[in-house]
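*Asks:* So you can see what is in the structure, the chains are spelled out below.
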Amino acid sequence: MIRDITLGQYFPGNSPIHKIDARAKIIMTLILIVAVFVASSGFSFALLFIVSATVFLMSRISFKTLVKGLKPIVFVLIFTTLFQIFFTRTGTLLVDWWIIKIYSNGIIYAIKMFVRIIVLISTTSVLVSYTTSPIVLTDGIEGLMTPLAKIKVPVHDFALVMSIALRFIPTLLEETEKIMSAQKARGTDFSTGSLMKRARALLAVFVPLLASAVRHAFELADAMICRGYRGGKGRTKLNKMKFRFFDFIWLLLSAAVLAGVILLNYVPIDPLNMIFGQ
Amino acid sequence: MPIIFENVSYTYGANTPFEHKALDKLNLIINDNEITGLIGQTGSGKSTIAQLCNGLYKPDEGTVYVDGVDINADKKKKKENFFKVGLVFQYPEYQLFEDTVEHDIAYGPKNMGLPEDEIKRRVTDAAAFVGLDAHSLVKSPFDISGGQRRRAAIAGIIAMEPKYLILDEPAAGLDPMGRDDILSKLKEYQRKTGISVVIISHSMEDMAKYCDRIIVLRQNGIYKCGSKAEIFSDPTALREMGLSVPQITKMVYCAEQLGVSFERPIYTVDAAFEDVMKMLDGGDGNDT
Numbered sequence: 001m002i003r004d005i006t007l008g009q010y011f012p013g014n015s016p017i018h019k020i021d022a023r024a025k026i027i028m029t030l031i032l033i034v035a036v037f038v039a040s041s042g043f044s045f046a047l048l049f050i051v052s053a054t055v056f057l058m059s060r061i062s063f064k065t066l067v068k069g070l071k072p073i074v075f076v077l078i079f080t081t082l083f084q085i086f087f088t089r090t091g092t093l094l095v096d097w098w099i100i101k102i103y104s105n106g107i108i109y110a111i112k113m114f115v116r117i118i119v120l121i122s123t124t125s126v127l128v129s130y131t132t133s134p135i136v137l138t139d140g141i142e143g144l145m146t147p148l149a150k151i152k153v154p155v156h157d158f159a160l161v162m163s164i165a166l167r168f169i170p171t172l173l174e175e176t177e178k179i180m181s182a183q184k185a186r187g188t189d190f191s192t193g194s195l196m197k198r199a200r201a202l203l204a205v206f207v208p209l210l211a212s213a214v215r216h217a218f219e220l221a222d223a224m225i226c227r228g229y230r231g232g233k234g235r236t237k238l239n240k241m242k243f244r245f246f247d248f249i250w251l252l253l254s255a256a257v258l259a260g261v262i263l264l265n266y267v268p269i270d271p272l273n274m275i276f277g278q
Numbered sequence: 001m002p003i004i005f006e007n008v009s010y011t012y013g014a015n016t017p018f019e020h021k022a023l024d025k026l027n028l029i030i031n032d033n034e035i036t037g038l039i040g041q042t043g044s045g046k047s048t049i050a051q052l053c054n055g056l057y058k059p060d061e062g063t064v065y066v067d068g069v070d071i072n073a074d075k076k077k078k079k080e081n082f083f084k085v086g087l088v089f090q091y092p093e094y095q096l097f098e099d100t101v102e103h104d105i106a107y108g109p110k111n112m113g114l115p116e117d118e119i120k121r122r123v124t125d126a127a128a129f130v131g132l133d134a135h136s137l138v139k140s141p142f143d144i145s146g147g148q149r150r151r152a153a154i155a156g157i158i159a160m161e162p163k164y165l166i167l168d169e170p171a172a173g174l175d176p177m178g179r180d181d182i183l184s185k186l187k188e189y190q191r192k193t194g195i196s197v198v199i200i201s202h203s204m205e206d207m208a209k210y211c212d213r214i215i216v217l218r219q220n221g222i223y224k225c226g227s228k229a230e231i232f233s234d235p236t237a238l239r240e241m242g243l244s245v246p247q248i249t250k251m252v253y254c255a256e257q258l259g260v261s262f263e264r265p266i267y268t269v270d271a272a273f274e275d276v277m278k279m280l281d282g283g284d285g286n287d288t
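Heads up: the sequence lines are chains A and B, in that order.
This note's numbering puts the first residue of the first sequence at 1, with every later residue one more than the last.
This note's numbering puts the first residue of the second sequence at 1, with every later residue one more than the last.
To be clear, the hints were calculated from the coordinates, so they are not data collected in a lab.
Check the hints yourself; a few may be wrong.
Stated by the list, open to error - Below, a list of computed lysine-lysine pairs in the DSBU-like style, where the Cα atoms sit at most 30 Å apart: (1) A:K178 - B:K139; (2) B:K58 - A:K112; (3) A:K71 - B:K58; (4) B:K21 - A:K197; (5) A:K68 - A:K178; (6) A:K197 - B:K278; (7) A:K197 - B:K58; (8) A:K197 - B:K163; (9) B:K58 - A:K64; (10) A:K178 - B:K250; (11) A:K64 - B:K139; (12) A:K178 - B:K77; (13) B:K209 - B:K110; (14) B:K25 - A:K152; (15) A:K178 - B:K58; (16) A:K178 - B:K278; (17) A:K197 - B:K110; (18) A:K237 - B:K75; (19) A:K112 - A:K64; (20) B:K278 - A:K71; (21) A:K112 - B:K120; (22) B:K79 - A:K197; (23) A:K68 - B:K185; (24) B:K78 - A:K178.
With these hints in hand, go ahead and build the complete structure from the sequences.
*Replies:* Structural data, given as structure tokens:
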């Protein structure tokens, strides 16, 4: 069913990761992304892997959920890994059979690429999508972008557009499902027939969906006007975000991870090189 | 042959944090050639039942029989069930999409693969039945009024000439006149064709006025099913479930407390009016 799609899905919870301030989480994620791309030695990848595993365990998100979230990138993951293994032509020759030649560097690059992608996807989804509600997340983004308002960037409007978009994803999904059922009940066949036929079947969903999206937009605009909405100026928040002591600790920790990764890059011995004989 | 539910269970979002059991081992029979009313509080599983009847939902447990056949047994016949059990969703006007009302009504019959002239006949019949004139048939479904759109959507299902017709809140959001109009037309249609019709509604008045048999649902189960007299005999129990007897029945009950006696149980305003008039006529006769 359509609802099964984990589209940046939030899992309510009470773990230490859930409690981190959204702004801190966004900065942490950015720092960790930089760390992932800076990392080059085996030690730094090991550190990143341990850090992301710890963050995941602390969030108390089930392993199943994480795996489900990784599913869409399985193809990319396998493809890049195989590409590295078979097309790298440096290092010592390990396997030479028919047209297949596997070099030591190929395996090392493949491992690094694999860890890089896994760490990247799992930390961003655990830190941001699984443990932060979309509304809090937009608040966080708005908070971080506030300085831009000084140079006349309509930060509040951006944030509003984003939170409305996020708010209506489940509504529109639900509506899509309902319209699809209604059209199925009239004999629409979405899964068989020629391409032309299927495109026509989808038309029966898109037209009513578009009409209802426009209807929602007008209704929401009217409702906001009726409640006296007049843009971001002078607007206060019910739940003000507080940057607490612990959030600083988390930021410092992620900065420490970045520093650690950079330092470990300079360690002359690389465990991966040792294992694959160089 | 009736629609039969045998030990049917259905759960929404199984194995997610949002799991919700809508139906639990439900047994239910929808009889032939009558109008069945399905009533119950929000969340009692009315719409779920509707979508189980035509095979849009597959029960987690148990079997749904239509015409004596398990509708989920043969995947290839899935489409046939949609045509056999016509389902009008809640607010069906939002599913219209063709360029004209006429084409939209023809959409279902076209999917059935009927010949052109048969489609034409069905569209004309269905439109005439719901009261859409030739003038609005050529208009875009986005250009006609809400009430007209509702009619067009219902006509779209009726044009498939299903053996069973299920309507989820067909009168929701209509004005009293549109409400009476659509429901009495449905009753007329049922009497003329002899198909079985299921009406899902929140309104006890509508149930009393248009249904032959009523099924009252409570949270994941059936509370009671039977004739109007059987259902409305226990107003206290109904009230406990957030439902009530028709207003006129309440009023007649009060009148009886004051010493006015009615010859029969009263469920509709029309019946009450008739009886009161009779009483006035049959009193001492001086009034006329």
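*Asks:* Now tell me if each hint is right for this structure.
*Replies:* Hint by hint, here is what the structure shows:
no., hint, verdict
1, A:K178 - B:K139, "holds, 25 Å"
2, B:K58 - A:K112, "violated, 46 Å"
3, A:K71 - B:K58, "holds, 26 Å"
4, B:K21 - A:K197, "violated, 36 Å"
5, A:K68 - A:K178, "holds, 25 Å"
6, A:K197 - B:K278, "violated, 63 Å"
7, A:K197 - B:K58, "holds, 26 Å"
8, A:K197 - B:K163, "holds, 27 Å"
9, B:K58 - A:K64, "holds, 25 Å"
10, A:K178 - B:K250, "violated, 38 Å"
11, A:K64 - B:K139, "violated, 52 Å"
12, A:K178 - B:K77, "holds, 22 Å"
13, B:K209 - B:K110, "violated, 35 Å"
14, B:K25 - A:K152, "violated, 61 Å"
15, A:K178 - B:K58, "holds, 16 Å"
16, A:K178 - B:K278, "violated, 50 Å"
17, A:K197 - B:K110, "holds, 13 Å"
18, A:K237 - B:K75, "violated, 53 Å"
19, A:K112 - A:K64, "holds, 24 Å"
20, B:K278 - A:K71, "violated, 75 Å"
21, A:K112 - B:K120, "violated, 66 Å"
22, B:K79 - A:K197, "holds, 16 Å"
23, A:K68 - B:K185, "violated, 51 Å"
24, B:K78 - A:K178, "holds, 18 Å"
Hint compliance for this structure: hints 2, 4, 6, 10, 11, 13, 14, 16, 18, 20, 21 and 23 are broken, all remaining hints hold.
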